[in-house]
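Q: Residue numbers (our numbering), protein chains in the order written: chain A, 85 to 393; chain B, 85 to 393; chain C, 85 to 393; chain D, 85 to 393.
Errors might be hidden in some of the hints.
Same chains, same names: a pair is fine if it fits in one copy or spans any two.
List time: in silico BS3-like cross-link candidates among lysine-lysine, alpha-carbon distance up to 27 Å [as the list claims (entries may be wrong)]:
| # | residue 1 | residue 2 |
| --- | --- | --- |
| 1 | 384 | 161 |
| 2 | 161 | 189 |
| 3 | 356 | 384 |
Read the hints as simulated data drawn from the structure, not as lab findings.
4 protein chains.
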Amino acid sequence: MHNIDLVVREIADEMRLRTDRGEVAHYIPELARVDPNAFGIAVIDADGNIAAAGDSDTPFSIQSVSKVFTLTLALGKAGDWLWQRVGREPSGSAFNSIVQLEYEKGIPRNPFINAGAIAVTDLILSGHQPREALGEILRFIRFLADDQSVTIDEAVAASEQRTGFRNVALANYMKSFGVLENPVDLTLGVYFHQCAIAMSCRQLAMAGRFLAHNGRNPSTDMSVVQPERARRINALMMTCGHYDGSGEFAYRVGLPGKSGVGGGILAIAPGKASIAVGSPGLDAAGNSHLGRVALEALTKRLGWSIFGV
Amino acid sequence: MHNIDLVVREIADEMRLRTDRGEVAHYIPELARVDPNAFGIAVIDADGNIAAAGDSDTPFSIQSVSKVFTLTLALGKAGDWLWQRVGREPSGSAFNSIVQLEYEKGIPRNPFINAGAIAVTDLILSGHQPREALGEILRFIRFLADDQSVTIDEAVAASEQRTGFRNVALANYMKSFGVLENPVDLTLGVYFHQCAIAMSCRQLAMAGRFLAHNGRNPSTDMSVVQPERARRINALMMTCGHYDGSGEFAYRVGLPGKSGVGGGILAIAPGKASIAVGSPGLDAAGNSHLGRVALEALTKRLGWSIFGV
Amino acid sequence: MHNIDLVVREIADEMRLRTDRGEVAHYIPELARVDPNAFGIAVIDADGNIAAAGDSDTPFSIQSVSKVFTLTLALGKAGDWLWQRVGREPSGSAFNSIVQLEYEKGIPRNPFINAGAIAVTDLILSGHQPREALGEILRFIRFLADDQSVTIDEAVAASEQRTGFRNVALANYMKSFGVLENPVDLTLGVYFHQCAIAMSCRQLAMAGRFLAHNGRNPSTDMSVVQPERARRINALMMTCGHYDGSGEFAYRVGLPGKSGVGGGILAIAPGKASIAVGSPGLDAAGNSHLGRVALEALTKRLGWSIFGV
Amino acid sequence: MHNIDLVVREIADEMRLRTDRGEVAHYIPELARVDPNAFGIAVIDADGNIAAAGDSDTPFSIQSVSKVFTLTLALGKAGDWLWQRVGREPSGSAFNSIVQLEYEKGIPRNPFINAGAIAVTDLILSGHQPREALGEILRFIRFLADDQSVTIDEAVAASEQRTGFRNVALANYMKSFGVLENPVDLTLGVYFHQCAIAMSCRQLAMAGRFLAHNGRNPSTDMSVVQPERARRINALMMTCGHYDGSGEFAYRVGLPGKSGVGGGILAIAPGKASIAVGSPGLDAAGNSHLGRVALEALTKRLGWSIFGV
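Work out the full structure, taking the sequences as your base and the hints as a guide.
A: Structure below.
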């Protein structure tokens, strides 16, 4: 871990000096208010050692990183039946594209684009009140992070609820094909709130540990999912976790990962570590620019790419 | 290796009994003449031990599996400049789709769809006669396979040259955007012949070994590419190697792989093995059906998924 | 007019005997309850003579035929500025397609597809309460039809409001690009109600007279629009009035026309007559099947095609 | 005719002064060599009187205006069976778009976009040698123009044959769906030559007279097509004659018309006149800019719009 510590600090130092920082998301007004220079990183290895640097304890809006957790939760409830509602292929288009839905009868390509995650949230909501469903999601993430202090940033949720017209369009479009079961505004209410969950890098890395260790948290030895399911969620993160930048992330970083427009990325080094980075400036595909750069440096220096020793 | 041997034989036996075999490609008339019941598998571990079963020594048309080798060759010649001509993202559409080219100004999404591979072949051709370029490709594959007997099936090449109208369309379309440098018919001549290279599973697995071992053939200790390049080619195979079934392959098999419509799949277990399967029946996305089923069984039983121990 | 009378009665008789009637729209539940065998026709010539036959006095839901009237009204308010918000080209896709909006940044192709008409309604709404805007639309149509009895079928409006998810998607999608000014639900409230206006063929033909006579109602001699604007609205009806069946309608009927999924068509023979037909069975493009057949027979027998004497 | 003469001269004078002239097509190198300031106009009324001004006797490359004549010829040979191979709807996309072909299985949307015209040419070629087919097309146009001096500009044909990669792509794409019967290079050979036919405005207006007069040349009283067919060809010109600017042309000019990238437009005022204009600068949709401006002025001043007296 000594080595990891060193690398993590090096990278945080290097990131501080870089001037290419991407563009902070402005389409959710509340997100546009974050510090554009923030950078945090946290790595938790198999033994539970934590290497962290930068703003690793500052909570940020996890946004689409939440899709990993809601997918896990929904698979626990619906099992493979979930795949009737959402596909498993990269989309070849932007995170909020609606074109594919028209050509494929309302079935979103995968659970990690907005449309797919809305469909997943709709499954979690079924049979519940929005408040209950949201409570379940929050409890699940707190359980994964082993931290009861994780909360929802209501200002962000409200901001997106006021301005998230494309998500409203996506949801209504799917509803027109019968892909959503619940009233659209209820499903979206839960969805906007799950995106507004705020977590620090440290909390996020903790919450992702089960994916690095065959579905089990090695510290608590609590099983979250079966090993095969953990592998499969990692596979989806690899092929679909970065919207239309998934190929680039795999090519450069070589780890499964999921990004959010809040600037966070959760990456998994199977058997080795759970990693979270956060930096709000985004690249053209909507993924954290420095987050990707930092992860590329990390996997290179530690030899953690899953595509070669 | 004992265990690998056993698993390979088990799988070959199981595949022989299955009745779901997919559909043999009929759009290249010559390919439609293969035995629909053929199934072969070959696994070569780090020590060079070979476990093979079924029709593992019968040559078949490698078709798009050749794209892995021509990409490797072209990267050796053009380096990262190659990425000016072709992208690195999954396409979200069929192997021979032309739609994406119109929206993205003739730049193919990745080197593993037809358009992308044609652009890569065009790079190899530049400065050469078609015969020389084809000779170079064939020599490279023979070197990788450590087998001088690998040849081109001229009947398949001629068949595709007569009927490959969609590939002619793709190439001319790219040419109209200046993405190809050479006369279209010359580039396509080389492309159709490289697709018609015939190899057995054993030869194919041998040729893929450098990808499993950081760019180096562990038996001959010859370096083919730098470790980072091997990792990156694996990453591209993971996100783009199975056309619009890449997500599914990653989800089920958990290894980088590249398929061809001749029914072959080359899969890489980094650090562990190079694997080739061949079975001509294809699924809806144009990938070998039993090939994928066999690889899924193999990685499960041997614990070789790169997404979890 | 004697001749017109005869032709109109002949056609109504012929339509009664036909067994090819298309499919009644079922996606708006309330519309699915109409009599599938209804057929009405009304022709009003330059002198105000009316030839009518069949169910020409039965009101039906005019649906998208209303788009002609709201476009006329909005042009009166916004003038050519309206064309900042909506294009003038045929869409080459279905009436409720959303694909084009993504490729063209939320600007709908023309005012006669759903997205375009919603944008037009949004212009009418600006500066008003929904109730006022709707009142203005209804008053305008009553004025055109010279008939105060025209009303809105609230059951149809409510039905569409409950089930019109694709229209909600279209509106929110445009809103995300800033193409709509008003709250989406208010704009859609007006839109759904305008579509639910019920009129008979006789009323509809009367309301269309200004388009046949250079913007002026020849009976009352009231000017509705300038001659040039009337010609231009006719031109838009010709190229865009039947969704992705506009070419077919021009080819077969040879008159500008606008259809609605309620089965109505308003067609204009410039200088000669305003024509309305109604028959609820639709063809694959969502246009009244017998309506088009009847209009084709009418223009042929009376020599009214604008493409040749 | 006195009045027509005056208006035509006025318009030619006005066009000479305008500085907005569009962009000369550069993708066919030979076309890029024309005089960008050229402007010609010729109007032939029902009595055969000719009003002409500007460069009305200078031949230019008719390019896609030829599609009107080849459609007429092919309908004469294949009748309505032709519509098995090509549709009748506006495309909603650029003249050389290939996207629609992928979504609609190789059937082009209409005979006036490139793909559609290639399919029409393929029908004319069937059963003939390319030389014969081309001879037939040329004889037909000479017959229509009543002028044996109309010829093919071989330099333009050769230029397009060398650089027409997108047309080669379109043709091969259709061939892959079985929409073309003949070898692609033969069909394209005829197509490129028909596009390279050179005509003056006077000749072009003469050749279009049958469309203005119910299929019959009023001077020679020779029948070219039945009246219904003439009307239908006019209808297709109205909805599809200006690629993705067809709506705009209908809206502004109000006549059926067909443009070519050589800068020519043939427009038809049914019962009144056949009109040809030529000016090489194109607008964004690939239609002659001043040609459209001139026709808009002409129809306005003469009251020739078919959408209102």
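Q: From the Cα coordinates, with 27 Å as the cut-off, is the pair residue 384 and residue 161 best called within, between, both, or neither?
A: between (37 Å within a copy, 24 Å between copies)
Q: Please sort residue 356 with residue 384 into within, between, both or neither, judging by C-alpha distance up to 27 Å.
A: both (14 Å within a copy, 20 Å between copies)
Q: Within a copy, between copies, both or neither: which one fits residue 161 and residue 189 at a CA-CA cutoff of 27 Å?
A: Cα proximity of residue 161 and residue 189: one copy only (24 Å, versus 38 Å across).
Hint compliance for this structure: no hint is broken.
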